[in-house]
Structure formats: C-alpha cells, structure tokens
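*Asks:* Here the protein sequences line up with chains A and B, keeping their order. Numbering follows my numbering, with no gaps: position 67 of the first sequence is 67. Numbering follows my numbering, with no gaps: position 123 of the second sequence is 123.
Calculated from the structure, these hints are not laboratory results. Don't take each hint at face value.
[Claimed, not checked] Under 7 Å between C-beta atoms, here's a sample of chain B residues computed to sit facing chain A:
no., residue
1, L70
2, A91
3, P97
4, V106
5, P107
6, I112
[Stated by the list, open to error] Rough simulated footprint, nothing fancy, chain A against chain B, three-plus residues with beta-carbon under 8 Å:
no., segment
7, 14-24
8, 27-40
9, 50-61
[Stated by the list, open to error] Across the chosen pairs, the derived CB separations fall in these ranges:
no., chain 1, residue 1, chain 2, residue 2, range
10, B, M31, A, K90, 32 to 38 Å
11, A, Y82, B, G55, 22 to 28 Å
12, A, A85, B, T58, 20 to 26 Å
13, A, A85, B, S61, 19 to 25 Å
14, A, L10, B, L20, 21 to 27 Å
15, A, T18, B, T58, 41 to 47 Å
16, A, L15, B, S32, 31 to 37 Å
17, B, V52, A, A13, 34 to 40 Å
Quick reminder that beta carbons are idealized off the backbone N, C-alpha and C, glycines included.
Listed below are the residues making up each chain.
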Amino acid sequence: MKSGHLLTVLEVALLLLTALFLLQALQGPHPESSDVRGYLVENGSHETGALNLVTAIYLGYRAFDTMGEIVVLLVAVTGVIYFAASRERKDEEDHDS
Amino acid sequence: MKKTTILDLVSRKLAPFMLLFGLYLLSYGHMSPGGGFQGGVVIASGVILLFVAQGVGTTASLFPFRTLSLVEAAAFLLLLAAGLAGLAAGAGFLGNPMAGVDVRAVPRVSMILVYNVLIGLKVGAGISFVCMYLFREGR
C-alpha cells in the first residue's frame, strides 16, 4: 500500500514535469523561418497541387519516406502471418504426438 | 461472452459510416486534413468494430482474408508502379509525372490522389487483416 502511494506520487510528479516542459516549449519562440520552410510555404501547394501542405510534403517532397513506411506495414503484416502460422503448425504437431 | 443489443445494433449502424468516412478521408486528403494513413486506419477501425461486435466469422464473409491480403499486396505493387511512372516521365522515382503536363488538362494533384487512395487501401486492408487474423477463434 505504501509503495503504491509512492508510485502514484512519482507518476503525478513525472506528469507535472512533462507538462512544465511542454509549456516551456510551447511558450518559447517558434522556430525561426528557415529557407526550406519559406520555400515550402510559398511553393508547396503550387508545385504539388495539393492544398494540404502536410500532404504536399509527405507525398510530394518526401514520397520516398512514405514508401518506407508502407514497406514497414507490409513487413509487419507478413511477420504476424508468419508467427501465427508457425504457432498453428506447432499446435498441430503437439496434437499429433 | 454475452453480446448486448446495444453493441449489436450500434455496430451494424455505425460501421458503414465509418467505412464511408475513411474513404472520404482518402479521397480528400489533398485538400483537407486526412490522407492515406489516417483514412486507412479509419477504415480498419470500422472493420474492427464489425468483428468485435459480430464475430470474426461473420466479418470474414464480408472481408475475406484472401481478399484483404490480395488488396494489400496489389496496392503495394500498384504504388511501386505509380512510382515507376514518375521515373518513366523523367521526374525520378515517386516523382510527379503530371509536372510537365498542362495543369488545365490534368490537375497536378491527381498523382497525390492516386497515392493517397492506394496507401489508404493498403493500410486499411493490412491493419484489418492483422487484427482479424489475431482475433479469429477456433482454427
């Protein structure tokens, strides 16, 4: 019971600390405009045709990065199927023996 | 586990709208918040709601495992083909082949629309597949 209380206090303290850091980060000066940022804001929608700048970046300028994410998902699905199927094989062998 | 009437009814009424909203997010990702990944996950959550409430067997007759895995693989291959189309048009791998075409003839955004729809189908099919595959009972 005692250690449970201590854990709760620690968790609350950690959350408050995180909130403090976030507050600092949000109140601080926003990143000053760099060349890349200015270019993207100015030409992003025109060059890719997408009004949504986020989409313009992740499917226009960084499409290769998106391709990597797609491959990650493909590998994850493949892994799930592989491990589930191998466990089933093991179950069947256990039943047979 | 006992299934309540509320869960049964709500899931059946809500799931089509979740799938529709997912498709909306896919097809308007270039204009409003949304996009392939988000739309795909919303579609998958619709499928997940269906099989949590109705059982994997019923849902699998609507979204068969074979179809889901085929959609997943086909969308990936089509995505690669779309990337190679950019290469063929001289814009580089995954480049926009519409960049050289007159904007009034073919909107430049059409390539992003294609990417978004393909990614959304792939993510939706993949996540639905994984969740249904792990939740299926009795083999």
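*Asks:* Now look at each hint and say whether the structure bears it out.
*Replies:* So, going through the hints one by one against the coordinates:
1. L70: violated (12 Å)
2. A91: Nearest chain A Cβ about 11 Å off; hint violated.
3. P97: Violated. Min distance 12 Å.
4. V106: violated (10 Å)
5. P107: holds (6 Å)
6. I112: holds (5 Å)
7. 14-24: With 0 residues close enough to chain A, the hint is violated.
8. 27-40: holds (count 9)
9. 50-61: Answer violated; 0 residues pass the 8 Å Cβ test.
10. B:M31 <-> A:K90: 32 to 38 Å: Given range 32 to 38 Å: violated, Cβ gap about 50 Å.
11. A:Y82 <-> B:G55: 22 to 28 Å: 25 Å Cβ-Cβ, so the 22 to 28 Å window holds.
12. A:A85 <-> B:T58: 20 to 26 Å: holds (23 Å)
13. A:A85 <-> B:S61: 19 to 25 Å: holds (21 Å)
14. A:L10 <-> B:L20: 21 to 27 Å: Given range 21 to 27 Å: violated, Cβ gap about 45 Å.
15. A:T18 <-> B:T58: 41 to 47 Å: holds (43 Å)
16. A:L15 <-> B:S32: 31 to 37 Å: About 33 Å separates the Cβ atoms of L15 of chain A and S32 of chain B, which means 31 to 37 Å holds.
17. B:V52 <-> A:A13: 34 to 40 Å: holds (37 Å)
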